[in-house]
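Visitor: Please assemble the complex out of the two chains, which come individually in their own frames, going by the hints.
Single-letter residue listing:
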Amino acid sequence: MTWRHHSIFLSLLIAQKGIESILSSDVSMGTTILAVRYRDGVVVGADSRTSVSGYVSNRLATKISFILEDDFGIYALPPSSDVQLQSQFLKHKRADKASTEKKNTESLRKDYKSTCCICRSGSAADTQYLADTIRHQLLRRKVLHSMSSSVSEVAHLLKNYLHNDSLSASLICAGYDHKRDKGVIFSIDMGGTLMEQEGWACNGSGSGYILGMIDANYPDIQNDKTSSMWREDEAVSFVTKAIELAIERDGSSGGVVRIFVINKEGKKAIIHRPACNHAPKNVALSKFAPATRGNDLINRS
Amino acid sequence: MIIYPFRKPSSSSFLFFLFFFVFQLLPILVLCQQQQQDPLHLHGGSILAMSGSNCIAMAVDSRFGSGPQMIHTCPRTVLLLHSRVMVGLVGLEGDVQSLSHEFSVQMENLKLRRFLGFGFASSSSSSSSSSSTSSYSSQWSKTTSMTPKSASCLMSHLLYQRRTAPYYVEPIVVGLEEIKATCRGQGNDHISNDSNHYNDDDDDDKGDGDDQETMIRYKPFLCAQDVIGAQSKSHAFVCSGVAKKSLYGCAESLWRPNLSSKELVQVCGKAFLSALERDCLSGYGAVLYLMEGGKGIQEIQLSCRND
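Top to bottom, those sequences are chains A and B. 291 is the number that the numbering used here gives to position 291 of the first sequence; each next residue is one higher, with no gaps. 498 is the number that the numbering used here gives to position 197 of the second sequence; each next residue is one higher, with no gaps.
Chain B extracted, bound-state conformation (with noise of 0.2 Å):
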């Protein structure tokens, strides 16, 4: 501590205050307004998902590095729910970490049928057997999976929770919704999600026992999150990471509708490698996770710089 010598107040006081705060304080709050690190800079990477017809591949890269420093190469973090549904985070690596962890946490009590946190009653077992909660229970235990819209509401809620202090992650939750088309003279479309979420025991059961083809399309879904949850769907392509506005440029310029699935591979891949060559944190390697309606997830490593 600097003791100052105590002084009457006097007209000489008023140049000792000039002294001590103005010239000391003030270039320290002049460089205090220096900018920020942005959170979202700091570790680097970029995720780019796209979809073709009955499939999505979702592209991400390995670069993990302490502002222009790279220290480590390994593929972003990327949550397979099932072989329909893909989250890709992309952000501060400690955020992702916890982001995962929570969301893994909340599927493992869906699983359980705890349905903690979502408002419901908490039915430790199913001994409480009014016909509403056994037709959740049993929903629950014959499709055990989730279908994307519901795991992209699910990421939102769990970065919205956060919304004074955010995760700095910006996540890409992709996936294909199964459309059962059963031709029966007019050929009705019974869409097992959206709206009708809680009667699909009832169309399942019809699907099944009839005679009728019953082709099934898998409609892709691919939905960018921000911080704090904010989602925007778009049919054809989207982008997230530091290297966001050259991917949303290159993939706006090389996507077109229905690309089969090898063709897919080619574009997404190009689109990604392209916008990696213009960007400072990210590359390193790049990955590909090819979704095929009713084939599962092959997962393809490009060639790529290592800049």
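Here chain A stands alone, though its shape is the one from the complex (with noise of 0.2 Å):
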């Protein structure tokens, strides 16, 4: 048997080896994750399928963890002549947020922390794991040694866990960093490789059906040109769009579509419906409620 032989036969059990993927044995998320940057930040958007062998076992999954929030509930004391400065701001948060103090809470609030997501594919167990163990490394980061992570240090910490350990999962790490004062996105391979990606990413078993659509959309960013950028209701249409339209073509992606806008500010869910094909000569049967409809869509991060 030649080289020749060799390479071919071994490129024919690679693309088998696509077709199969959907119908492994393990609970795996073939998917579909997107990340955008806009003018205040980044929206992420991610379908809710997770499947078995062909069998959906959660039509409404979260895809979407997040490693740092501004409040985790615990706040490391800082020094002594901070205790004031701590004690103002808890008052602040009773009290209600009246226009009139909007000034006061800016001032305190100078200092934003980042807030960062990391958007999961592959393996469900790999990837929770993963969520799990850094946002524990985090936290105890900030409690012993009151240091605030930035995205760019969760990335740089994932893309070791991903590098060392040979876990199956390939992740969209994004958010908004304090230290750069924009947003950010990095992109996470199956081996450990990072990349910081400019204006947007996608991953997953559907991304492949819109890297077009996406490229032919996204602005040119070049030069930080601020005033090209999307504005929050401009990406959120787009990766809602993006991603029903993923979901329409790709197998292992469905459900709604779950999106995060990530600023200074914070985060915001927001849940998306995908429309049922209504031809007008449709009938839709007597209270048969769509799968995406009731109150099991509780956002939980």
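Simulated from the structure, these hints should not be mistaken for laboratory data. We put the CB at the ideal spot given by N, CA and C, even for glycine. Keep in mind that the hints are not guaranteed to be accurate.
Below, simulated DSSO-like cross-link-like pairs (lysine-lysine); rule was C-alpha separation at most 27 Å, straight line [said to hold, decoys possible]: (1) B:Lys412 to B:Lys571; (2) B:Lys450 to B:Lys563; (3) B:Lys596 to B:Lys571; (4) A:Lys281 to B:Lys571; (5) B:Lys520 to B:Lys596; (6) A:Lys142 to A:Lys113; (7) B:Lys563 to A:Lys281; (8) A:Lys281 to B:Lys596; (9) B:Lys520 to B:Lys412.
Quick look at which bits of chain B chain A covers, simulated, 3 or more residues with Cβ under 8 Å [said to hold, decoys possible]: (10) 362–371; (11) 575–589; (12) 596–607.
Guide: Below you can see the structure in the form of structure tokens.
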């Protein structure tokens, strides 16, 4: 057998493996995840389907996990000179946020912290493990050393974990970075390759169907021209549309579109239900709720 | 071709053997043992058929894909033989098309009274007028409609013909069998199908000429088959396709006997759509064919998610 036969054979096997991926028996998030930068931060979106050999085991999964948030609920007490600052801040939190007090709260909240999330794709177990471990490490860092981490530090820590262990996970780490004062997006591939993406990143089995569409529609942001960057509503509608299209084409993506808008103020959750195919002659069954309606759309990050 | 230099057999030839065969061919043999893809799961698709009182509903989905990618949305192939028999086909699309073509050819042959492939002597004209053949030919000319049981047997026969290299299709044959109940005092039922297949002429003549009431009831017939034609019949519901397991579960919990046609549409549609929510390889639209005894077949499009 010559080397030529080797290479042809192996390339056929790799192609077949792509088709088999949907029928693997471990719980995998064949998925579509997308993060785009906009004027004030990033907008991240993901579908909500988790499947086991072609059977949908969770049709309302959350694939976006928050690693850094503004309040973990734990405040590492700074030196005594700042205790006054702390108590004042808590007082203002409890008081009504009237427009007259905005000035005071703004001056107190000068230091914005990073808000970072990771969009998970690949094996569900591996990515959940990674998210929990990283969150623990960063909380530890904040409590013991009073150091707030930035998105870039999160991404590098993730990359070290992925590079050392053989985990089947492919992630997008995105958020508002307080050290750079803008939104950043990092894409981490299966072997541990870390790439910072200037404008957008998408990953997962459904990403291939929308790469061209994003390329065509994303504005040119060379030299950080903020005027050409999207506003929040434009970015949200674009992410929604892109993930809807990927859901339509990809068998292992489905359910609702979960979107988070992340900027210096924190995070905001939006859930979008793709439309059913309501051709005029279609009949809707009585009292049949499509899967995406109801109280079970509670966002748990 | 890699040409290795000729060596005299020696102890080093064992190492040569080890290097060449074990380290080059063994990894390839190991990789070979990956799962071959199941042809029934390549294109996707599911069918559910349920029975009510005097009616049958068959729900089919519309996804045609290549593995995880959706390529086209068009409803699954459903052969409508006549207003009382339907055959739904799901599986590898190439085989679906071949099988439906073969089935149609057989139906044409039967209509033109060419009994090819059934073991009968081929009678090219009706000149051979022994009483048995004339009764066969008049039999087929009168009733151009095939019973669902016969259609099911024909489909099973076609599939088993290819036992060693099967069609990767799992058909569902459904239909309504006419039962003419003539009310004479004790109310005898003449069942016009089943074992008394060739005596239909006599029964038909008797029924038409009388003044007694003849109520026609329709008994549902449902039959699912596997790739080599094993028939499994049911009076309640049958399923086929990639979402088969989910469909059986949903249908089992939602079906109840003696459903009216409106209820049947709701029950069958809801069971079908609920199972499709949980399947990656089916969906993108559902079409329900409602067959009612004496009224024909109605096509109902259900609104459905597109994922």
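Visitor: Now tell me, hint by hint, if it's right for this structure.
Guide: Consistency of the hints with the structure:
1. B:Lys412 to B:Lys571: violated (38 Å)
2. B:Lys450 to B:Lys563: Given that 27 Å is the threshold and the Cα spacing comes to 26 Å, the pair holds.
3. B:Lys596 to B:Lys571: Holds - the C-alpha atoms of B:Lys571 and B:Lys596 are around 23 Å apart, at most 27 Å.
4. A:Lys281 to B:Lys571: holds (18 Å)
5. B:Lys520 to B:Lys596: holds (14 Å)
6. A:Lys142 to A:Lys113: holds (12 Å)
7. B:Lys563 to A:Lys281: holds (17 Å)
8. A:Lys281 to B:Lys596: Holds - the C-alpha atoms of B:Lys596 and A:Lys281 are around 21 Å apart, at most 27 Å.
9. B:Lys520 to B:Lys412: Distance of about 25 Å is within 27 Å: holds.
10. 362–371: With 6 residues in contact (Cβ-Cβ under 8 Å with chain A), the coverage given for the stretch 362–371 of chain B holds.
11. 575–589: holds (count 7)
12. 596–607: holds (count 7)
Checked against the numbered hints above, the structure breaks only hint 1 and satisfies the rest.
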